[in-house]
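J.: In case you want the letters, here they are:
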Amino acid sequence: MVENIFVGFAEWLRSLLAAAGLPALFGDIVLMIVKVAGILAFIAISVLWIVYMERKMAAYFQARIGPNRVGPRGLLQTAADMGKLISKEIIIPRAADKIVFLLMPVLIFVPSLLLFAVVPFGKNMIAVDLNVGVFYFFAVASVSTIIFWAGGWASANKYALIGAMRAVAQMISYEVPMVLAILGVIMIVGSMKMSDIINAQQNVWFIFTQPVAFIIYVIAATAETNRTPFDLLEGESEIIAGPFIEYGGMGFAMWFLAEYANLILVSVLATTLFLGGWLAPFGLTFIPSWVWFLLKIYFMIWVFMWFRWTYPRIRVDQLMNFGWKVLVPLSLANIFVTGIGMFIYRAIGW
Amino acid sequence: MLSDGGAIFIFLVGALVFAAGGIITSFLVHPRRSTQVKLDTYECGPRTIGPTWVQFRVQYFLYALIFLIFDVETIYLYPWAVKFQALGLFAFVEMIIFILILVVGLWYAWKEGALRWM
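Protein chains in written order, with this note's numbering: chain A, 508 to 857; chain B, 981 to 1098.
Hints are all accurate, no fakes.
Using 30 Å as the maximum straight-line C-alpha spacing, the simulated DSS-like pairs for lysine-lysine come out as follows: (1) A:Lys665 <-> A:Lys605; (2) A:Lys700 <-> B:Lys1063; (3) A:Lys605 <-> B:Lys1018; (4) A:Lys595 <-> A:Lys665; (5) B:Lys1018 <-> A:Lys595.
For the chain B half of the interface with chain A, some residues (derived, Cβ under 7 Å), not all of them: (6) Ile988; (7) Gly994; (8) Val1009; (9) Leu1019; (10) Phe1050; (11) Tyr1058; (12) Ala1061; (13) Val1062; (14) Phe1064; (15) Leu1095.
Calculated Cβ distances over 10 Å to all of chain A for the following chain B residues: (16) Tyr1088; (17) Glu1092; (18) Gly1093.
If you're looking for bench data, these hints aren't it; they were derived computationally from the structure.
Beta carbons: idealized from backbone N, C-alpha and C, even for Gly.
So here's chain B without its partners, still in its complex pose:
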């Protein structure tokens, strides 16, 4: 019997073969007339000024941090949701308290302006 993991692995290999096959086919048939101008970074005509890989604004990082908190929360929420009907009221109240703690965190981030796009 093929296990679920093995089946997913066949899908992974299939996807890699398909996508790489497309690129390789293109490499076999595409014309090669490379000039120096073609290799320039595209910026609507003018030369690009300064380095591209610079420090980016911190705002994105703050969103990523809040996302991380909520994404970890999801890992706990899904098993609870599956067993929700069997666990009864106690687990429901417990999970409400758990969510409330996170809501307080969201409220704090909101109050401190982490969710304000500047």
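Here chain A stands alone, though its shape is the one from the complex:
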């Protein structure tokens, strides 16, 4: 019953539209718009909650209380912040490239929402089950590198330019090990479809068969989402928020929203590829699949937050050396070992 609440709603809506005598294509389009609206609501609520969670967790890590004034236990703090940001004046610096400067906060959110199209929220709860799911994920995710750079460049601020350059260097460097690490999973599954990858984990989650890939993925994902210890492009104490430095009000809010949406997305991919997606562990199937999925992504988000408040920021040379001289060879070795391992596995014939 609870398991199929969303799937049932979609079926009900489709049959309603079909009963009204509308063509199937129209029904599909309406259904897809409803899905987009639902996902947007999910992102907005999740981001408001995750920002609150991050601030509260930071406070507890540092033996503070954290936000506790607006609403019960400070729960409405981020909603109030959002209202404040909307009502702030949008200032476009005199020196800035005005069109690009205003366009980039709009565009930065586009890859994030496009990626949510292939997120398997639960059993049969995937908006568009592309046959190139994982590949699509990386292809679209890498677009945000250009948007980061363009935003920083258009600000015509020296800190912003340094931050933008660092963003490009860091995001492209860590994309290589990330993409190569996932290859091991694809080799085992033999498909890039999100639903196939989850179904292949019925017996054993890939975190147990591909532990090295999981570790590489988590490190690279931390760098891709620009979170501490890899937050060099923001580095509040040296370059004052990097590419976002000149953005205020709603422009800043969009960058922030996209950043936290990306945090959800990397957690989603970690869950889908390594933690069994919406599959219930230990046969606890009475809990709906989408609840399991949310629990797992919130666990991953919690891990990323734990990293943030545990490790200090690393230097640029350490960042690049670690990416190219440790993670890339390690991920290539992982492909090799996975291939050999699969041949041995088949030869033994388990």
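Assemble the complex: chain A is given as a structure, and chain B must be docked to it using the hints.
T.: Frame of chain A, contents of chain B only:
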């Protein structure tokens, strides 16, 4: 039937409408008290000196070049990984040789100091 591309297009339009809607809403409600000082480039107080859009260090470009090689490699690796179980040992050895050529390239870049942050 709505094709996959069409569904992705609806997502694209949805994202643009949402993000642009946020900015436009802000434009409708935000106060307008602009002064010349507000429009200055922010640099912790002092005036910014010299042009901002200058030539940047070449190091970033070298990393971008190596990235390009590996990113193109990925395009070949993913289809191979999907068909890995069906293709058998021959394709595996072939791909190992392909990766080795790239590893030699990485090793050369490493040796020549392209990966050294100066």
